[in-house]
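Novice: Sequence:
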Amino acid sequence: MQEKKMETPIYFFVRESIFHQPSIPNEIDNNFTFSFSDEWISKNSDKNGFIKLDTIINQVKEDLLNENIDFMKYYNQVKEKTVENYKKLLKEKSVEITLISKYFIRIATFFSTLYASLTINDQKRYMKKYDKMLEPFYNVTPYETSKWIIECVEKGKVIFEKNLDEIEIKNGKFIAKGDNDIEVDYLLNATGFNFNLEENTEENTLLKNLYNKKMIQPDDEGNFINVTAPNLNILSKKYGELKNFYVIGMWAYGVLIRANSADIIIRSTRAVADRFMGEK
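Everything in the sequence shown is counted per numbering that gives the first Met the number 0, starting at 0 for the first residue and increasing by one.
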């Protein structure tokens, strides 16, 4: 894209923001304070397996303060998702932001288990108050990729159009409606996967058969497959908990939030294998 002469720019139509925060390339000692582990989770769980959200938040604060980091100070530096702010971050190369990012990337291994241990009210409180604050630190764009995108934007080769809310087809072309109405010849959908269970049964024979026989069911919003936490056994209204039937990965996302990361899939698979072999 940088070398080729382009008559028209490439548009990225987004709902809210441009690409994720750039990764800040600093060498960080991996021995920074990090308290979360399987032992920590076990120790802080009550008899029903719940952990208070405040217990988790306070531990995060304590870990970061032990590294002399005020989280809110650096969150305020990264929360603005603009090319100008990203250029500033890449220029300043804050060591503290790099450390916070590495901290939350490391906590991602335990995130699904921690989230599943919260009560419904605490889950809602987390999603409403904290999730968007953490997102800039664990969802990062590689350093070189960030520089390349910014260079393309400055050369007019890439344009981000925000607040996309509708796509129309007119005279064989697409009209993307957002802050501006842009007419394009080709449109690539990169919005992600559809995890509505019933809609997927129309294309997937296995899901169709399991759903028809009431072995699998979605969550209250019709998405994903209901499973138990943390064992990942399928939970069926007709058959109850199917202890010899597991779901791993994105279909378990309703219980294991962010279950698509490699670390979590490996961790979940190992746990399922250990339980399965232990019952043999």
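Think of the hints as simulated: they come from the structure by calculation, not from any bench. Any given hint could be a false lead.
What the hints assert, rightly or not - Straight-line Cα separation of at most 30 Å, BS3-like style, residue types lysine-lysine; simulated pairs:
1. K161 x K72
2. K123 x K80
3. K207 x K161
4. K46 x K72
5. K86 x K207
6. K46 x K128
7. K127 x K72
8. K207 x K42
9. K169 x K146
10. K154 x K60
Novice: For each hint, tell me whether it holds in the structure or not.
Specialist: Comparing the hints with the structure gives:
no., hint, result
1, K161 x K72, "holds, 27 Å"
2, K123 x K80, "holds, 25 Å"
3, K207 x K161, "violated, 37 Å"
4, K46 x K72, "violated, 37 Å"
5, K86 x K207, "violated, 48 Å"
6, K46 x K128, "holds, 27 Å"
7, K127 x K72, "holds, 20 Å"
8, K207 x K42, "violated, 41 Å"
9, K169 x K146, "violated, 36 Å"
10, K154 x K60, "violated, 41 Å"
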